[in-house]
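**Student:** Once you've looked at the hints, dock chain D against the given chain W.
Top line first, the protein sequences correspond to chains W and D.
Residue 397 in our numbering sits at position 397 of the first sequence, and the numbers go up by one each step.
Residue 140 in our numbering sits at position 140 of the second sequence, and the numbers go up by one each step.
Since the hints were derived computationally from the structure, they do not count as laboratory data.
Ideal Cβ placement from N, Cα and C applies to all residues, glycine included.
Heads up, a few of these hints could be off.
As the list claims (entries may be wrong) - Derived contacts from chain D toward chain W, CB cut-off under 10 Å, selection only:
hint, residue
1, Asn46
2, Ser75
3, Leu77
4, Gly82
5, Leu95
6, Leu103
7, Leu131
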Amino acid sequence: MEFIKKYPKLFQWLFLLIVFFALCFAIDVPETYKFIRGQAEFVKDPNQSSFVFLGKEVRYYAFDVFWRLPPLLGWLPIWINDSLFFLMNEWMPIEFWNEDTQEFRTRPLVLQISRNLTAFMTFLIELIREILLGGLETIVAFTSWDWIDKNPWAELPGLPWTIVAAGSAILAYKLSGKGLALFAGLVMVYISIFGQWKPSMQTLSFILVAAPLSFIFGLGLGIAAFKSKRVEKALYPILLVMQTMPQYAVLVPALVLFGVGDHAAVIITMVVAVPPMILLTILGLRAIPPEVIEAGRMSGCNNWQLMFKVLIPTARRDILIGVNQVIMVCFSMAVISAFIGAKGLGFNLLLALNQLNIGLALEAGLCISLIAILLDKMSLAWANKQTDYFGNLTFYQRNKNILFFVATVIIGIVLAYVGTFLFKGSYNYLFEVPHNKGISTADFWNKGVDWIFDTFFVYIKAFNTWLIQDVLQPMRALYLRMPAVATLVLVVGAGYLIGGIRSALVVCGLTLFIALSPWWDRALVTAYMATFGVVISCIIGFTVGTLCFQNKHSASFMLGVCDIFQTFPSFVYLIPVMMLFGITDTSVLIAVIVYATIPATRYTIEGLRSVPVGLHDAATMSGVNKFQRLTKIEFPLAFPHMMLGLNQTIVFALFMVIIGAFIGTEDLGQYILKALSDKKGAGIGFTLGICVAFIGLIFDNLIRTWVEKRKKHLGIN
Amino acid sequence: MSEPVIKCEAVFKIFGENAKKMLQESNGNVDAKTFQENGCIVGVNNASFEVSKGEMLVVMGLSGSGKSTLLRCISRLTDATGGKIFIEGQDLLQLNNKELIELRRNKMGMVFQSFALLPHKTVIENIAFPLQIKGIKTEDSISKAMDMVKLVGLDGRENYFPRELSGGQQQRVGIARSLAVEPDIWFLDEPFSALDPLIRKEMQDEFLRLQDKLQKTIMFITHDFDEALKLADRIAIMKDGIIEQLDTPANIVLNPATEYVRKFTEEVPREKVLLIEDVMDPSTNDNLGDLKVLKDEIIENVAEKILTQEKSVAVIDNNNKIVGSINPAKIINTVFGGRKNNN
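For reference, chain W alone in the conformation it holds in the complex (with noise of 0.2 Å):
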């Protein structure tokens, strides 16, 4: 009884622990029960049970309640997809004036406006293309077929590669200086001499549109929230699913909405990429201080002033944050949105895992990623530029920029010139490096990846058996067995255990969404999968980190190591492990392992640095070495921190576990996947994602409520 009462909270979990366990055993498997596998419940079958909700027919397997629920909302991705075909096909005719034929026709709305967004987005980013690689289509947009076939002068010649590499130098050494200029310069030499540049341009001018709207919009929402309450009531909960939600998943219902093509690509891309660009500008919004606002009035700014010479300018570091996120989720998307028709590099990268061309792919990630980093390094220049108001410049100082460049466009101009008569008969390289017509380093990853495998093929084998048939098939039994009851009154009484009855009822209102759809097996998986992902990498993330927070240069050092891989696109990532393991889950787990250690590794070091020194300096005239300093001090002091990291690697290994279908994984992914080939995958695919979001959302809920009640503990706001 002492005991009980002197750690009242042990007891509690201990006993929900028993439950859990209790019902484990009490619960028998059915004897018909049996993991369906794809395309299984597409099959009629005379064991099946089903009924009929809002028109809708649901067949299922039944079970005893507390083995499985039945998926009573198995109508809902129907129904969702009847209503979007319903919105796009029926709903609200409008008559609108049709150009070709010269009359009006009838149009549902929704269909109108997409066809509109369409075009619009599709000019933007045949312009920018247009400008990068040359074309007919904008001066089309503006005149007619008719008139370019008569005046084939005006079609866009493109720039020459070696404008636009010295150009993009010009502005890096503008922005920040000789460092970035040289980078620069290399990565363009680099994209063009081994052949990336078409696909690589294709990319940027998606990115070029892409990245800029979304963070145009997630400024706006973001101030908009921040001025009124109920825009920001009204945001809260989508944020939250957005936050969660696997890009996989909005490909889906884009699909429906915007057919394929690269604008689809841009308005899902903004999707994604808009809802961090509205947390971060909420969050600096909020963290300013009121005196700074109280002088900008003072100073007499008008609103429009206010917001943006004082209040933004002062917010900039968090906004800083979310240009950064918005231009890590458009080069993920860059690659992920090849599955609905975006063109270059990821169609590419896609293409050559699909060959199992890892050389290729290679290549493209590399390129990718670079064009990535270099973007993330200008943006954070551009925003900490500086002006010299005291400098008496000349004029050519003061233009030397714009007259280099100037000087580049004759330069570039000419030597493409020289190169029609230098490479007659053959492709012009001064002009632009065609595709795969470059340097090729494939064959050299091919065979080097071929040599691996000969090597160590005996090696990889063992351990890829060894992982599959010990460890993982097992993890995977277990999970399954679970009792859908069991696991419920599990999570509904950590709920409860950790933030009270709202905390239980949030959580339970999830768990319920996930048990009553038709997919309770397949999120299982994906757990499963997640866990042993999360479990490794946070055994690293957190190891690591605490290594490297012993020394200051090291903790810079790996911070900076986690920028640099954070701005890797997520399917990057499948390319080495497919070198080495090939087609297998340990392969998807590797790559769950490696992208999901970067935030436990990141907050590790976070948290252990935001330890005052003023505790630090108390520890050590107690008398502390450096082990108890670390044990007694430092990490429960950064422990809330280390779990909001704990937080980050669940979302990011459930990304990539539900990337990791690509590969063919048995988990919600491999649905989401399905659903992008099916015509009526809309309400399927967006099921799923929203199934993926809860998983999140249960953990992020638990998570977040614990770290909140543990910080009003010690005291740290």
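**Tutor:** Chain D in isolation, oriented as in the chain W frame:
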């Protein structure tokens, strides 16, 4: 006498949802306790006073006494719940947004406790900010800001960022910024409270030097009674939103209106605050010594001279006319006597 620059008539500031309604019902008799029971917090309770041109009014009070709230009502950073505020005869609460912005751009300057500098702007940009907001050309605003930099003695640091400056230097920037538009009215909200004692003294002297030169109409907020005595023409002492006493430093020290005010004055070294005029005997007799002291002299400065005299000492005004007398016993009584027990 000309019109007061700042004039407050029964100003109330009450926080809470039903503040306005409750204030109307209370007919101007606001009791903080009853309001608090109804979920309202009284910030400023019936404040009426005037500040005339070139005068420095110091509002003194402990934290939570409502002094900052009062200042924010007068600068309309928050809207007063009741009462009237006139700035140079203009009814502040009737101004629309545009007029208010005009007023702030031309007439008002404010200095903040935490400096409130814009972190992304350099010293010169911070100082030029109010000018640029007004729409003055970059070149002109920078050259004007440069004058301000010189005025507060920060030459050579104009391209530093606020984070690269010490607290005292940052507040110099804050002061320069608030003066850049050459305002008539200068609000200072605990400007020196965040500074070290030594720097604080230096900044107070600097501030007096500036005021001597500029002759602004000033409202100065502080929680430091000594600072208030040192700077003020008049002091308003606030407690729980109520102005307990508003008077010259000498009168507050000599005649504290309430028990609360008296507690502050107890520890004050009177010889440093009071002038000869405040303690002299206005009647003159013939039996005066040779020494003459100015009536505006602080006691501390002349005490030694007076105490060496045996007879009473003549007190003269600026025109060398005898206006009263003072005897050494009176000085001793003022400095050492009458602190704890009597009064």
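**Student:** None of the hints should be skipped; say for each whether it holds.
**Tutor:** Hints, verified against the model:
1. Asn46: 24 Å, violated
2. Ser75: 6 Å, holds
3. Leu77: 5 Å, holds
4. Gly82: Violated, because the Cβ-Cβ distance from Gly82/D to chain W comes to roughly 22 Å (cut-off 10 Å).
5. Leu95: Since chain W brings no Cβ nearer than about 13 Å to Leu95/D, farther than 10 Å, the hint is violated.
6. Leu103: Given a least distance of 8 Å, the restraint on Leu103/D holds.
7. Leu131: 9 Å, holds
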